[in-house]
Each structure stands twice: as C-alpha cells, then as structure tokens.
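Take the sequences, apply the hints, and build the full model.
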Amino acid sequence: MALLQISEPGLSTAPHQHRLAAGIDLGTTNSLVATVRNGVPLCLQDEEGRILLPSVVHYLPDGQVAVGRKAQVAQAVDPRNTIVSVKRFMGRGLKDVAHVETMPYDFVDAEGMVRLRTVQGVKSPVEVSAEVLRDLRIRAERSLGGELTGAVITVPAYFDDAQRQATKDAARLAGINVLRLLNEPTAAAIAYGLENASEGVYAVYDLGGGTFDLSILRLSRGVFEVVATSGDASLGGDDFDHRLFCWILDNAGISLPSDRDARRLLMKAREVKERLTSDDSVPIRLTLDSGDEVDLTLDRSVFADITATLVAKTLKPMKKALRDAGLEPEDVKGVVMVGGATRMPHVQKTVGDFFGQTPLTNLDPDTVVAIGAAMQANILAGNRAAEDEWLLLDVIPLSLGVETMGGLAEKIIPRNSTIPTARAQDFTTFKDGQTAMAFHVLQGERELVSACRSLARFELRGIPPMVAGAARIRVTFQVDADGLLSVTAREQTTGTEATVQVKPAYGLADDEITEMLKSGFEHARDDMELRGLKEQQVEAERVIEATEKALLADGNLLSDAERADLDAAIAALKSAAAGEDARAIKIQLESFNRASNEFASRRMDKSIRQALAGHKIDEIRL
Amino acid sequence: MLDLKQDYFALFGLAPSYAVDLDRLEQAYLDLQAKVHPDRFAHLSDAEKRLSMQWATYANEAFRTLKSPLERGQYVLELKGVDPEFETNTAMSAEFLMEQMEWREALGEAREAGDEDTLEELARRIRRDGKALVEQLGAQLDEQDDLAAAADTVRRMKFLEKLQHEINDALTALES
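Going line by line, the protein sequences match chains A and B. Numbering-wise, the first sequence is residues 1 to 622 according to my numbering. Numbering-wise, the second sequence is residues 1 to 176 according to my numbering.
One or more hints might be untrue.
[What the hints assert, rightly or not] One-sided excerpt, in silico: chain A residues whose CB lies under 8 Å from chain B:
1. Gly-93
2. Leu-179
3. Arg-180
4. Leu-393
5. Ala-422
6. Glu-459
7. Leu-484
8. Ile-608
9. Ala-611
10. Leu-612
[What the hints assert, rightly or not] Heads up, simulated BS3-like pairs for lysine-lysine below, C-alpha to C-alpha not over 25 Å straight-line:
11. B/Lys-162 <-> A/Lys-549
12. A/Lys-316 <-> B/Lys-162
13. A/Lys-586 <-> B/Lys-80
14. A/Lys-606 <-> A/Lys-549
15. A/Lys-319 <-> B/Lys-49
16. B/Lys-162 <-> A/Lys-606
17. A/Lys-313 <-> A/Lys-95
18. B/Lys-80 <-> A/Lys-411
19. A/Lys-411 <-> B/Lys-162
20. B/Lys-67 <-> A/Lys-319
21. B/Lys-67 <-> A/Lys-411
In case anyone wonders, no lab produced these hints; they're calculated from the structure. Where a beta carbon is used, it is the ideal one built from N, C-alpha and C, also for glycine.
Listed below in structure tokens is the structure:
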C-alpha cells in the first residue's frame, strides 16, 4: 500500500536509537503485525512470505503448540484441540457465546471467562490468544532484528472492559509490552486519513470475522477525534459462515453431523462465501465421513437473502452512532470499509444505500488496521518529534455505572465519553450504624442490572458507624487511555478507602497470569530470567535517556540542590542497570520515579502554560 | 499546578462568562491535549504517564463542561456560589410543569404506539425550546446577573435534557 511518507529523516528522534515498535491486529479469523520502517508502514511477513496469520491454535498431545496455517490444517482431523475464532470467547462466559452447540470444543464454564479443555489441559481464551500474539512477536523480532520496545494491540471499539482486559493480559502473557490498546476502526481511520489527507466527518464500518464496529470520526489537521462509536461485539463473518452452514445442512438433508464433518462443512461454507464475492454462483460438493453426499449450487442472490438479517443487524448501530454524534447520514463525507467481511457485495450495497454514497474500498480491508496500529506504535514508542505527532481522541463505547437499590443500574460515565476520563458520584448508607457498603460495577446501556455486564464487585469496609444517610461515600471511576476502568470508593469524612482494578471478575487475577507465565516458560527458565533482566535494563535506559533529554531542555526548573539529587538518582540507576540483578534495577527504577516526580510535574506545568500563552495573545488582539 | 486547575475558563484562556466562543474553546482544548495527552508520554517514566493521565482527564472534564450549554450554566452558577439544587428544589412555574406533563404523556403514548414520527417531532420541539432557554440563560448570567432566575433556567434545561434522553432511548428501542 502506498502511504504518504509520514516521517522525514530529519524529524525523527535521531540521534537517539530508533525503538522497535509494532502494531498488531489480533483478529477473529486472521492476525497480523506491521511496523514503520524508514518512515513507511508495512506489514511483516512470515518465513514463507505470508502476512496473514490464521488465528488458529492447535494443541498437540506431545506438548507442542502449532499456530496459524499448520494449526488450520488440523482443524478437520482434530477439531477439539484446534481452537479457531478464540476472540469470540475473550472476556466472555459460556452463556454469552453464540452457536455453542455447533462448536466442537469441550467447554468448561469457569467463573467469569469460559475455558476450553484440550489434550494439554484446560486453556483460557487468554492463553490461546497469547499463542497467536507470541507467534507475531517472534515474527516481528526476527524481521526487525531486535527485541520490541512495545506494541499497539488493536481491539474492536465495541469491546467492553472485560474483553479489553483479557486482550491486554494475553499480550502480557506473550511477552509483549503493550503501548496502547487501540480501537480497530480508529486504527483504520489513522491509516486512511493520513494517506488521503482527509478532513471532515468519516464513518468507519468495520465488519470482521467476529465483531462489528461503527465509529464516527472527525478528522482535521493533525486531529483524529472519535465522536461516537457503536457496534455488536458478537457479529461478524463467522455468522455468515454459520448461516450458510445451516443452509447446506437443510438443503442436503443432513442432521447432526459429527464434529469433524461439522468443521469440514464450516470450512466449506467459508470458502463458498469468499468465492461468491467474485462469482455469481458456486457449486458445493463434498463427501462427508458419514457417507453423506453434498451436491448443491448456491447463487449469490440466495446467499444475500439468507444472510440479509445479519446485514440488517448492522443498521441499528449505524443509526445509534449517528444519533449519538448528532449527525445525519448526509453529514458523513466518506465511509471507510474495514474487515474481510466487507468484501461481500450485499454488505457494501446496504452501507452505500444507508449513507447515500459508494463506500471507500481502496484500502486493503485486511491490513489497514495493523498499518494504523503500527503508525500509532511508532509515535508511542517515541520515534517521532512531538510537533509531528497527530492527536488521537477516542471514547468509551459503553456506559459504566454501579448497581443501586432495586436492581437498577446507575450510569456514572456515559458512553462516548472521551478518554481518559474520570467521574465521581456520592452515595450514602441506608441503615443506622452501617459499616460496610457493597458495590457492583456494571457496563452497558440498559436500566436493569441483569441486562448489563457485571465487571466487578467490591466492598468498602470500615465506615465509622453513623446514622443512616450521614456517611458520604464518593465512588470514582477512572478510565485510562486504553479504555480500562479502575474504581475507587472513599468515605469522605474519615478517608477510609477501597480501590479495585476492575479485573478479577472477567479478566485473570494477577497470580493467575504469573502462574501461566511460569508454566509457559518452564522449559526456558533461563531465557525468562534473561528476558526479565533485559527488560529492566531497557526500561532503565529509556528512563535515563528521557530524563537527561528533559534536563537539557528544562534543567533550570530545578534548584541546585534538587538538580544534585536527581543527578544522584540517575547515577544510582545507571550503576544498577550496569549490573545483572533485575530486582535491583527494578527497585532503583521505583525510587528514581519518585525522585523525578516533581521535575516531571514542573515540566508538565511549563508545557501547559506555553500552550495557554498562545491563546492569551489572541485575547489581547480581540 | 493547582492554580491551573482552579477554573476551567482560565485553563482555556477564556473569559468566565456564559457566552463562549466554541471554536476558540475547542482550539484551546486541542492545543492543551496536544501537550498533555497520554499518547505523548507512552515512552516516558511512570511519573510522567500518571501526570499526563491526570491532566488529560482534567482537560476532558473541563472541555465537556464548558461545551455543554447545561453544564456550563451550572458551572458558572457554581463559580458564583450558587447551587442549582436539582434534587431538592423542584419549584417550577405551574405552566412549565403542565407542559412537562403533556410532553411526558405524549412521549409515553408515542412509545407505546411505536410512533417514530411523533417521537422525532417531540425531539425537535424540545431542541427548539432548549435553544431558547440557552439564550435566556445567557442574558440572565452575563447581562442581568440574576442568579436565582438563572438557577431556575438551569433546572428547566435539566428537565429537557432528561426528556431528550428518554426520547432517544425510545427511538433506539424502536429500531431493534
């Protein structure tokens, strides 16, 4: 893909070393990794020269794990141990997963997230995804010739907190430092907007293998602002395959196929769907293990008919996003199509009819998300000068709130709030002498708690006994730039506090991750220790380099004594980093962070005052 | 750092009046985010990341507040030491309350009947009334300095906003 050159050599952060950063599109069907090399974003190939990695993981009885095409081949012969479309299970309980009955897996309905029993034991979707991510990390490191500083991982914009957290956990498990979780349609908008120097309101219609997103963005010079986002976290190309699979069963008179036959028929369905993009009619011929013969022909128009309700399901999110944005379809200057499923002609037609214009399909819908993610990763890793950077303002897709009396959900942060964001709400006790209060954190738009996603439950204890209604408990929701929530509850009169990272309910507890990391690296313990040391050394180098640069620019913000203290802290960190003790470096890093806090804060103030100064001049001129 | 956080208007270099130049507000907001946004600090120390998140959060809160006619009105009142008392003060003119009841009735009926056109029409009327209230609030705050009247207007705007939300919800429900 020919992108505008976005970084001229003179403008990069040279003479500092270029940091290796990547963008990873962790897709339902395929995953891929991209990077920016010499200012040009490109997708990285595997050893056979292929870009797309099928998101398929095969667990073999001998302890080996195959990922990608090798795993895909095993689909029909060993369906139970070959996990496809695992993204659909991320952060989801068994009851949330559609078509369970036709899936060949041995599900374990664990608390929070569903698990899969394989020949290598029970696996969480996080572990399965981590296999895919690890494969891509290794590909990137081999191709770039060094360890990654970090990566931007994309997620569907409509992913809720649990799904985002699960994705971040998977990356961590794969040994990836996550620079940012980036919404897929936003990543596509970056790639599209920069290539075409677009200005105005754009819609991104992203129909992937298992998820649908619709984001409305305002693009102006150097700013990508998401105005509204909507979607369906369980609607995608897979559902079209499934519809077609059912049609084949019906028309071939097959009921209850075996796991292997079912998987073969599903693969056939996908193949037929893809061929119908270019062909008007496709023959379906297959002899099953059961001896049943399939001999059918499917016309494109029939396929459009049997999947019309699926396409129609994307209309509601489109309308909702426009209403949230306060816009009409004609306000949208262009509609960017993303995701392999948007290749289907009847999808393009429906979208075109809705917006009254031909959708933009000049980008490769399979790679545009990874390309945008790579561009963002390049910026986040610090490879470009601040003046050249674009500003990306994204939103949360679903409202966040807490349960109140009577099983009702009270919203604290409404959907489409620009992140990072924080909101607080005060609650009080309803009984005399009440010393504890339970909170139930929810995500969703519905009024009834039962219709929202439960993210976490926690308790604030140690409230001093008071009469009912006298305590003032402030609950603060903070959503960071990854779209992840943390909640704090604090009794205002006494300062009793409880904080939760909204994690354990659907994500994995920290010790669970540690356990997986350990077992994953069992055969390579030295390697892991080495990696840990290397990571700390890289981190120390990064922090020292950044601080020294900052001191050159803004050293005058410190008194001589403060300067001496900070210099001493740098020296201590340098000497720790020169050693071989990862823990010692970590401890020095922490104390260094404390020492540099005040300096960072003054630099921030200075930079803000500079930003404001421009406007003061304007005012005088008025 | 704290003095910068005392007043949203000062943060964006704007005069503390109800009437604001929205283009200038937005430009000042974007300039500020360009400096403080977490994407600028992703490769720096934890201390800087934390500060950046706090500032970007604050900038978003300030911008959101000043951009919304209702929240801006409420904020100007707060700066002047007046609490609009949404929960406790529900004393409204009989005329306004009657109108509210009629609208709610119309909303309920249209929702029952699944009447999209009526809902859209209702939404338009509320937007129109809302605009009039914004102008009225501007005069009360910036010209007449009549804080009691302004608080009353803000409460009315709050009513309308709630109604608007309910209409939107009803419309969304109809589309499913």
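Can you confirm whether the C-alpha distance between B/Lys-80 and A/Lys-411 stays at or below 25 Å?
violated, 28 Å
Does the nearest C-beta of chain B fall within a distance shorter than 8 Å of the C-beta of A/Glu-459?
violated, 26 Å
Would the hint on A/Leu-484 be counted as holding, given a Cβ-Cβ threshold of 8 Å to chain B?
violated, 11 Å
A/Lys-319 and B/Lys-49 were given as a pair; does the straight-line alpha-carbon distance stay at or below 25 Å?
violated, 36 Å
Chain B contact restraint for A/Ala-611 - C-beta distance below 8 Å
Hint on A/Ala-611: holds, closest Cβ of chain B at ~5 Å, below 8 Å.
Go through the hint on A/Gly-93 and say holds or violated, using the shortest Cβ distance to chain B against 8 Å.
violated, 23 Å
Given the proposed pairing of B/Lys-162 with A/Lys-606, does the C-alpha separation stay at or below 25 Å?
violated, 41 Å
Straight-line Cα separation of A/Lys-313 and A/Lys-95 no greater than 25 Å?
Satisfied, since the Cα-Cα distance of roughly 20 Å is no more than 25 Å.
Restraint check, 8 Å cut-off on beta carbons, for A/Ala-422 near chain B
With Cβ-Cβ at 5 Å, under 8 Å, it holds.
Would the hint on A/Leu-179 be counted as holding, given a Cβ-Cβ threshold of 8 Å to chain B?
holds, 5 Å
Hint check: 8 Å Cβ-Cβ cutoff, A/Ile-608 to chain B
holds, 6 Å
So if I understand the rule, the pair passes when the alpha-carbon distance is 25 Å or less; does B/Lys-67 with A/Lys-411 pass?
holds, 20 Å
In summary, the structure is inconsistent with hints 1, 6, 7, 11, 13, 15, 16 and 18 from the numbered list given earlier, while agreeing with the others.
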